[in-house]
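Undergrad: Okay, here's what each chain looks like letter by letter:
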Amino acid sequence: MTRFNFPLKSLLVWALLLPLAVPSYILAFVITDQLEYAGFVQKSLRAIFGWQTARDYWFPEIRSIQGAIAVLSLVLYPYVYLLARAAFVEQAAQLFEMSRCLGKSQTQSFFKVALPLARPAIVVGVTLALMETINEYGTVEFFAVPTLTAGIFDVWLNMSSLSAAAQIALMLVSFSILLLGLERYSRHAGKFYKLTGQSPAMFAEPLTGVKAYVACLLCLLPICLGFLLPVGVLSHYAFRSLDAGLEQYLASAWNSFSLAVMAALLTCALGLLLAYGVRLSKSSQMRSIAEAATLGYALPGAVLAVGILYPLGLFDNWVDQLMQAWFAYPTGLLLTGTGGALVLAYSLRFIALSYRTLDASLSKITPEMDDASRILGSRSGKTLWRIHLPLIRPSLLTAILLVFVDTMKELPITLILRPFNFNTLSTQVWELASLEQLEQSSLAALTILLAGIIPVIIMSRNISSSQSRT
Amino acid sequence: GEEVNLYSYRQQSLLQPLTDAFTAETGIKVNVVHAEKGLAEKIKAAGANNPADLVLTVDIGRLEEVRAAGLLAPVNSPVLNEVVPSHLRHPDNLWFALTTRARVIYADKDRVKEGELKSLNDLADPKWKGRICTRSGKHVYNIGLIASVIAEDGEAVAETWLRGVKANLARKPQGNDRAQAKAIFEGQCDIAIANRYYMGKMFYNTKSPEQQQWAEQIRVVYLDQQVGGRGQHINISGAGLLNTAKNKDNAIKLLEFLVGETAQGLYATANFEEPVREGIETDEFIESLGSFKADRISLQEVAEQRAAAARLVDRVGFDL
Amino acid sequence: MSIVLRQVNHFYGKQQALRDINFEVESNQIVALLGPSGCGKTTLLRLIAGLERLQSGELYLQQQLVAAPEQAIHMAPEQRSIGMMFQDYALFPHMSVRKNIEYGLRKQQNIPQRKQWIEDSLTSMGMQGLLERFPHTLSGGQQQRVALIRALAPEPSTLLLDEPFSALDEHLRQQVREETLDVLKKSNTPAVMVTHDPLEAMFIADRIVVMEQGRIVQNDSPQEIYQRPTNAFVAALFGPSNRFESYVKQGRVDTPLGCFLTEQIAEAQAVDVIVRAKDIVVHQLENSQYVEARVISVHAMGDETHFRLQLPSMPERVIHARMRDHWQASTGTKVWLSVATEAAYIFAKA
Amino acid sequence: MSIVLRQVNHFYGKQQALRDINFEVESNQIVALLGPSGCGKTTLLRLIAGLERLQSGELYLQQQLVAAPEQAIHMAPEQRSIGMMFQDYALFPHMSVRKNIEYGLRKQQNIPQRKQWIEDSLTSMGMQGLLERFPHTLSGGQQQRVALIRALAPEPSTLLLDEPFSALDEHLRQQVREETLDVLKKSNTPAVMVTHDPLEAMFIADRIVVMEQGRIVQNDSPQEIYQRPTNAFVAALFGPSNRFESYVKQGRVDTPLGCFLTEQIAEAQAVDVIVRAKDIVVHQLENSQYVEARVISVHAMGDETHFRLQLPSMPERVIHARMRDHWQASTGTKVWLSVATEAAYIFAKA
Ligand SMILES: Nc1ncnc2c1ncn2[C@@H]1O[C@H](COP(=O)(O)OP(=O)(O)OP(=O)(O)O)[C@@H](O)[C@H]1O
Ligand SMILES: Nc1ncnc2c1ncn2[C@@H]1O[C@H](COP(=O)(O)OP(=O)(O)OP(=O)(O)O)[C@@H](O)[C@H]1O
Ligand SMILES: [Mg+2]
Ligand SMILES: [Mg+2]
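Protein chains in written order, with the working numbering: chain A, 1 to 470; chain B, 471 to 790; chain C, 791 to 1140; chain D, 1141 to 1490.
You may find that some hints are simply not true.
Claimed, not checked - Computed Cβ-Cβ distance ranges for the label pairs, DEER-style: (1) B:579 - A:220: 55 to 61 Å; (2) B:555 - A:247: 51 to 57 Å; (3) A:247 - B:768: 41 to 47 Å.
Claimed, not checked - Some chain A residues near chain C, calculated using beta-carbon distances under 7 Å: (4) 98; (5) 101; (6) 103; (7) 107; (8) 116.
In case anyone wonders, no lab produced these hints; they're calculated from the structure.
Bear in mind the structure is a predicted one, so any value in this text is a computation, not a measurement.
For glycine and all other residues, C-beta sits at the position ideal for the given N, C-alpha and C.
Put together the whole structure using the sequences plus the hints.
TA: Listed below in structure tokens is the structure:
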């Protein structure tokens, strides 16, 4: 995408982000719906070949670990794409040129220079996808794949042992820590600052002939499977069941939207604070603290929700007691069971998204920029505002987008922490879906998708404008 | 105004007609939070400030969990005591069943002869090899079923049985109960383990008419009906009053309403569950599925075996 | 001929960075590109390396046509066997010094021997012990030397150097310069080197190409360029100098520093006159044949003394003069100036 | 006193970058930091600016103690009213030239007037019309000038310049240098300027501080430094030179270029002898008093001729000599060398 020009590229650049907006459980449903025994594909096969039953032929089991892998990959690849692409765009083209001057072909240069330099960003993308997969429950349950997360719920709900569940959850977390540690260790020596100086934009080379179409098709494939297919199927269903309570639907949409906006802003503000704090203090302790703060992402949402219930409850009761004692005015539960608790929980969960994205982006700004700004009389706050924020704007938008879309899709936390009589699009999808009527939830599901597209489009604007600048 | 706050493990849309009717009758507003998990923890965490008054569940497991956590208060209501049979409520009246739900066998009307399948044990018979469908063994409904086998026959027998069932599966456990009906209709399997009320839901589904076809293809088989037999396994949906309830009176009113004729009628006709109240007119189609003798084993005992059941499912590799 | 450029023009958007460039480098020749900042030197190197696509004209390397937009020819940079050193080094930040330098070694080379060569070069450039360091821990000059060795290591058949010694102090510069020169001469590698130090250009180059605003204004041997500059710009290149505008009147050109003769230039033609600072003689004693001036400041610069002076006739201009004596003079002192007639370079204005 | 450093040491990890630095800059003084690459010049500036924390010692700016680790004092860089120009410019890539320069303007300043000043400075440095360009579209030298103007714009009370003119060609360099000098002198702003061009240091500085390996080796007026270097390193700073190792024998030191007298140094002491290239006289005629040599190469460098020579007694060494004549000589030609006795600088070895 950054190196070559080919047909439809300007469209594909952002269209590739679209699957991000698709909740994995919806994609899982749609894909199985089409591919399972009773689905369109197998039905057609049976009709064509005249097979009678499942025993007459072999067809890959959709509800399998491979199926789950395929679905999750389709939904999660945009994380890596988004971050890697930003990294490639921001890269100093000179290094790539240098490599070619030293006699390495484009491919070699890519693997030896461009890729290692983009590694922090790619690792962040992969880590996010990994954590997301680790905590993923809906899809794996749908595909009947036994994972650690499924184990947590089994232990918790069926064996009623929350503490054992917590132990497994801890295992998940330590696994994530291990991954992060490995990554950090492997690049202990190199600092990946963008060296300053003239940095002409990497010029994209036009692809011609067959190559161009192959590239175009390759890019279209995930978009079709990961986005167009679910949207198509859902639209089809939505059309059939348009009479679903519109009023409630609008209320849910509003709830979802406002929560997502608040969560996105709060989370990114927190993430920025952490990332900038780490940069300013330069201490590894600060970094560890920040890293720890992001582990919430590796936990299944429900576990996290239950986890924060207790401190929230404690806090609420403490405030309540104080108020009662001092002013004889019971406050009740200030946070628990209000939108506030939800936004807080979302932030805890998604801070990894914002922190990692922003940290990777900040780490590419040479410290000399900070120095220059301070010498010119700016304190760190102004420096952040005038220097860093504009420089990391694409990443900041990326982070906001990620959190927004993920909050829109979020389910388990919402379910547990929401106040009385409170619905969001995703709980509505789930209500209906758990009634085994996903068809009727398709309007809500479709809205989640569409709401995801808006920020994607904003982002794409930004991508193209930043392209014209660098 | 008057209100009552409800934590519900039961879907909102099922609850809505009931609460609407309650509000219409009493003027008391009903506020609901619906979730599949975590409500017990939410109650615990909030402590004395817990805003909820009642908790509603769709299986005995959750209900027992809340009770075991000491969150429930006894209710001394002549109405409830009279309507709910004693084996369907907690000995100390800490919880009450509102409906029972039979977990039956769906059999293909053509490929399975009447009387061919009689008992739970038959499911392990090799003659069903490659013909059984079910949802995940870890789902609460199946856990309830397996727990009841353990409670009745002990773990060893249950294990042999479950291995037998596993060997007969037509496909990896997946989907929900409705999906099993579809699988039978599509010919992927011949019998399936599922809750009976889904038959009604499919039969009356006008939005997806294909589901009516599924239902029509299926005969419901009740198990262990022979004299002296164990009886058909049932689970319950139930409710309990939280000991931190602020609107205790309203909550009890709602409980009494839910076992009243209106509500029980709604349960029976809208959701096709079996009412706990006697003499409720049931739906015609459900009626046509016949009646059965229910297993009268103590639900509390069953609930106690749930952890064992979950471990058994793992041991047998039922879901793999 | 090792490098041949024919009729090259280059635009960045609408801005023309190179105009009608024609130039040749013989094998074994070292050519210095000299010119003010922004005149297109880097652009020219990038075109030769293939990092920028030729927009018009032709480029031959080792007699082979490697770029010609009219014929849609563009050989990839990695196939041109060119060594290049960027103005800001472009060291790979994720690789150690060793990895950076060894990056370009080719299979055909005798690798162990080259590695030995790398160590030797680092040592002889005063960088022993830095092999495992990462670029961001090196000082500017250290980075520059690494970049230089990296460009030399693959034994390229042509070398392009963009200000290779600018970050080095005088001492090191001399040493590294000689070292580089030796390597190039021994291996007969032709090189194009950008510099803005005219003395450096004179020292290292067989030929100097002077550029101005995207044009080549003179292309000659160092001595020619110094002694017979073809325009005012080139004449003013070597050290401080003074420029006056005037016109020809009866074969003579009048300037505030005196009157000079010219034969080639037509009557009444407007001219530029360049007088190099070192060609102005500063006298302490009054002499009516000399031009009176007033000292603004005096800088002792080693063996020389640099004067900034003011002429009563042109109070707004600073006149630069350089003497090979040690002088002390305070601001305001009166002095007298003389210039040998042949020391003025006179050029017709375009 | 505008800047005072007392007993400063600085380590990067285990590596010591600065040792026992004591130095002072008077208000209105311009001090040049001269020293080889990697000797710690940038580090010193960064300490003064507050970008690196002082690890030991004390730093005063305008009589105020601003950094002293023993007293846990560290004033933030933005409060020090220091202007700094970075070695690699550190222009903000997302801001236009105008925004970059205006970034540091303070509310207390007369903003419209400063903006006018900015435009004027750009113009007088030959950069008119670039105000709205972004840094990456500027050439190296253009970037450097923007960085310089950016550092000057806020009228800092102290200015630190890290090789401010290195990317400029001779011509521009002279112009920008004078411009900067004027601004500084007019505003009485003290400045520390890193350079590795000794001539530049001599031209611009009131005092030159020579550093070597993290130490200050001499701190004197330009003329003192040139004429009375205190060690071999300083003596060799100004232009090419030749170093010989020898020892004192009866008040005399023997070198391949002849015998020199010394009085201060003890008998049998090992010494370094520095003979500057320009102090070697090259003769074409044989003379038994002179030393015979063989020409390796001759480079005409403007008015001077640079010789690389070989002595029969030391065939592995290159001897540098510089003459103020135009010479032509082919490799292998025999010549004869002489050195005035007072032209040899003799230093006891440490
Ligand atoms: N990417 C670009 N976009 C627009 N203009 C550019 C770009 N790169 C260079 N230029 C302009 O082209 C001209 C020539 O630039 P070039 O970098 O070749 O100069 P240079 O001779 O190397 O200068 P220096 O000695 O300062 O490095 C300059 O005026 C510069 O501003
Ligand atoms: N971040 C760092 N980590 C480790 N060593 C460093 C670091 N920065 C500088 N050094 C080392 O400290 C020494 C002094 O560096 P400094 O940048 O001050 O040199 P300098 O005098 O400015 O050199 P130059 O003229 O080449 O810019 C060098 O040997 C350098 O390798
Ligand atoms: Mg350049
Ligand atoms: Mg430096």
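Undergrad: Any of the earlier hints contradicted here, and which numbers?
TA: Hints 1, 2 and 7 are the ones this structure does not satisfy, whereas the remaining hints hold.
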